[in-house]
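Just so we're aligned, residue 1 is where the sequence shown starts under full-length UniProt numbering, counting upward by one.
Please keep in mind that the hints were generated in silico from the structure rather than gathered at the bench. Watch out, some of these pointers could steer you wrong.
[As the list claims (entries may be wrong)] Simulated pairs of lysine-lysine, DSSO-like, Cα-Cα distance not exceeding 27 Å: (1) 128 <-> 7; (2) 167 <-> 178; (3) 10 <-> 128.
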Amino acid sequence: MLVFQTKLQKYQLATLISSIASNFLLFFATITPAWQVANDLDADRYVQSGLWLYCPGQAQCWYIFSDSLINYYEKVDVCRFFLIGDCRKKLLRTPYFFGWHYAVLILNVISMIFMGLSIASIIFAYAKPHRSRIAIIMLDAFCGFASLLLGVSLIVFMVNAEMLESKYLIGIKNTYEKEYGYSYYLAGLAFVISVITILFAALVSTYTFLFPEEVTDSQYSLKMSNNQFAARYNNDLQQAYLPPQSQLSMQIPPTEHGSYIAGAVSPKGEFRSQTRHFYSY
1 MLVFQTKLQK YQLATLISSI ASNFLLFFAT ITPAWQVAND LDADRYVQSG
51 LWLYCPGQAQ CWYIFSDSLI NYYEKVDVCR FFLIGDCRKK LLRTPYFFGW
101 HYAVLILNVI SMIFMGLSIA SIIFAYAKPH RSRIAIIMLD AFCGFASLLL
151 GVSLIVFMVN AEMLESKYLI GIKNTYEKEY GYSYYLAGLA FVISVITILF
201 AALVSTYTFL FPEEVTDSQY SLKMSNNQFA ARYNNDLQQA YLPPQSQLSM
251 QIPPTEHGSY IAGAVSPKGE FRSQTRHFYS Y
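Go ahead and model the full structure; you've got the sequences and the hints to work with.
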């Protein structure tokens, strides 16, 4: 049973929730294509360009993971700026990706891996309070690296998205400016939540290392929630009470008409016969 009674446990819960939320938002932002969007009025279509997906309309999308294709489209400078003949049609019909798209994608994936490791660390610290110090150190490191890599990823994307070759969509007659889509804003929100996660992780570290009584209280409340003490107490009560028996009575078996009544023994070890006295008045 989960219990969050102490301040340390509450901050651990806040860290866990923020880590999961940040990782989910970044994952959803990475798999969606709306990092840059533009409305091509000439062809009456809504174009979405992502890190690995390119959707020139509602009907179809293309994906790319090959370095050779990325390098090929980076080298067609003549097609990109002069746009003559079949080369113009090729750029209109074929999605092209740049090397920085691939770099941003890799940074996002590594950041998600670090976020996943931070989630595992905070769960371990909650479940094992007596071994939580190593897990908390790993939590701080993973949260810091995840937030740092995600921040670098967003900076790389923003800088390159403002370049002339990436900022505009070339239509049939006109050129349209690309805007940031919902995928980019989701990644930005994931970065903000990751920074908040670092603050919660710092509070968890403070209570873990500077207030050891919080760790003790957390361990005690966790054991009480699992009914460890109550189960031990009930087991002690359920044990049957066996009264002590004398050695003599245990050695003599019962007779057919009842149990044998042993004679009395004096404190000196002498045998005393049991007699009955009848008085008549």
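Taking the hints in turn, this is what the structure says about them:
Our distance criterion of 27 Å between C-alpha atoms is met by residue 128 and residue 7, whose separation comes to about 16 Å. Only pairs whose Cα atoms come within 27 Å are accepted, and residue 167 paired with residue 178 is accepted, the gap being roughly 5 Å. At roughly 15 Å between alpha-carbon atoms, residue 10 and residue 128 fall within 27 Å of each other, so this suggested pair holds.
The structure meets every hint from the earlier list without exception.
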